[in-house]
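Asks: Sequence:
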Amino acid sequence: MPRKAPTSIFLIFLCLLLLAFYSLLLSRSAISLSPTHLRFRPRNLTTRYDAPDSFNHVIREDINELTHRTRLVTSIQCPVESVSVLLPNWEVLVLVSHDTPLTSNLGVGGFYCFFPRNETSPANFSGVLPFTSATTFKCTLPNRNRRLQPFHQPVLTRFPEMETNVISAAPVMPRWDFLAYECFSTETDVVLFVKGVNNRQGINKSPEEFRCVFGNDIKNAVKTPVTSSKQEVFRCLHPNLMELSISPSTTAAAKRIKVSIEINREKLVVPSVAYYTPPRRHMPSNPNPTSLLCATTMVYNVAKFLREWVMYYSKIGVDKFILYDNGSDDDLERVIKELNEEGDYNIERIFWVWPKTQEAGFSHSAVYAKDSCTWMMYVDVDEFIFSPSWLKNFSQPSKTMLKSLLSISSNGSIGQVSIKCNDFGPSDQKKHPAMGVIQGYNCRRQAEQRHKSILLLEAVDHSLLNVIHHFDLNNNHYNWKELPLEAGVINHYKYQAWPEFMTKFRRRVSAFVADWRTRVNPMSKDRTPGLGFQPIKPEGWENMFCDVKDDRLKLWTKKWFGSQTPQGLKMAWQL
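In this note's numbering, the protein residues as written are 25 to 599.
These aren't lab readings, by the way, just hints derived from the structure by calculation. Note that the structure is a prediction, hence the values are computed from the model and not measured. Nothing false has been slipped in among the hints.
Here are the simulated lysine to any residue pairs, SDA-like style, with alpha carbons at most 20 angstroms apart: (1) 578 x 594; (2) 328 x 365; (3) 578 x 404; (4) 505 x 412; (5) 416 x 511.
Here are the computed distance ranges between Cβ atoms for each label pair: (6) 567 x 506: 29 to 39 angstroms; (7) 233 x 564: 44 to 54 angstroms; (8) 233 x 594: 57 to 67 angstroms; (9) 412 x 133: 44 to 54 angstroms; (10) 173 x 596: 47 to 57 angstroms; (11) 264 x 503: 37 to 47 angstroms.
Even glycine gets a Cβ: it sits at the ideal position worked out from N, Cα and C.
Given the sequences, and given the hints that come with them, work out the whole structure.
Replies: Below, the structure is given as structure tokens:
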């Protein structure tokens, strides 16, 4: 018996050692999770309350107040007043109010994000939000700070080497997966965009479960009913300006009122960086005439493709282009400026920094452009509509071509025209074709795929609900028409040369479609057949998705947009 005691002690020690090792492994796994798998509700940004007229502290914390608290707990030298949001992939979005000066010889360059533990990362200028005029920067959350939860907001500064420690009393940083991020006022109501409330496609909570909350402090807090709750879009009534202590004559700067959604059952207000602007009492007449047909899409680094897309559609009937720029860092702004200066094009760029919000962006466009566009076409920059009949009936491109597809009903009840897509493959291309995608890709899949739409904006349902480029309609007044292939089709140059497709692989902008790298829904039509979860080039990629040779649009555009030069044939969009 005495000999067994050491053995028992050894076994107990071994079990404890294994348990400690397993606990350490679990903790490291938790730390290594991406932000999309970590979910918390910041303690100082959302507060449960018991008193019926109490109010969440986040609503009364504007950008200046949040930063003032940060400055009280640090010895920051010349920090910039800001508020930050943690985006996916450990990216931090820093927003600086439009009334905060950023003037210096460096302009918007030379900034750093200064975090607890004296860690810094460069803060790169991202853009200016068009509806709040906030200047935005992006930086990366340093590795050691990823182990500190909750995550605390950094300080934006140009002098990180002069700073002392930013202690944990700095404000908690709201997470992107639970945030009110954008607001738009119509004449009759407020459209608020909120992430993390309606999380599942096709499952939307009742409007009665929420209230819109307006105000920068408890005294001015006003709540109004929510009339619609679909996807990330909530609509509610305007607040009474007198209750907000705002008169109609108050200056625009003083009218900056934070707005969010209250979840009634949980007594919880969603963190917000969205601001409400009261509608103008007397809307000025539109200085620009209403365009019959506009085109909207969400873009990222499409500078090399844009000229071809704009020049093609402008010639066949699009009057105005509205691009929701999802944070491009290529030459997109320069290309847009050059096209607009050429005089024949009307292109508006809206800086839309919010990730995976394609549906919300399209909903925004449906209300934003309603006064300037009659019909809106929702197609991407690799998609080109044409009608086989044009080859026979038109000797030159005409601005009536696209509009002829809308002349399909004498009673005016058509609210949306749906057009099927043909998906084209790499067509033996190894790099982006110099003459453009129409000339470079001519081999496609046999079966037509999803459809895209041209929408009558006044026909859109009050909810603004849309899925994959088509909207719900006000069914009491409008119908949906699907064009037969012989009347109209979209050439979708989806599977391009591998370097181009690999870049596309890294980004999915739809809120309800999994990123290609996420190991879910492997049989989804949104995934590329034969491609896994990593951007690894499949064998024979250049000849994949090639069932039918289709040169129709290639020949048509060569005839109407091509010209002979000493260097050979050149398309109009080639510089």
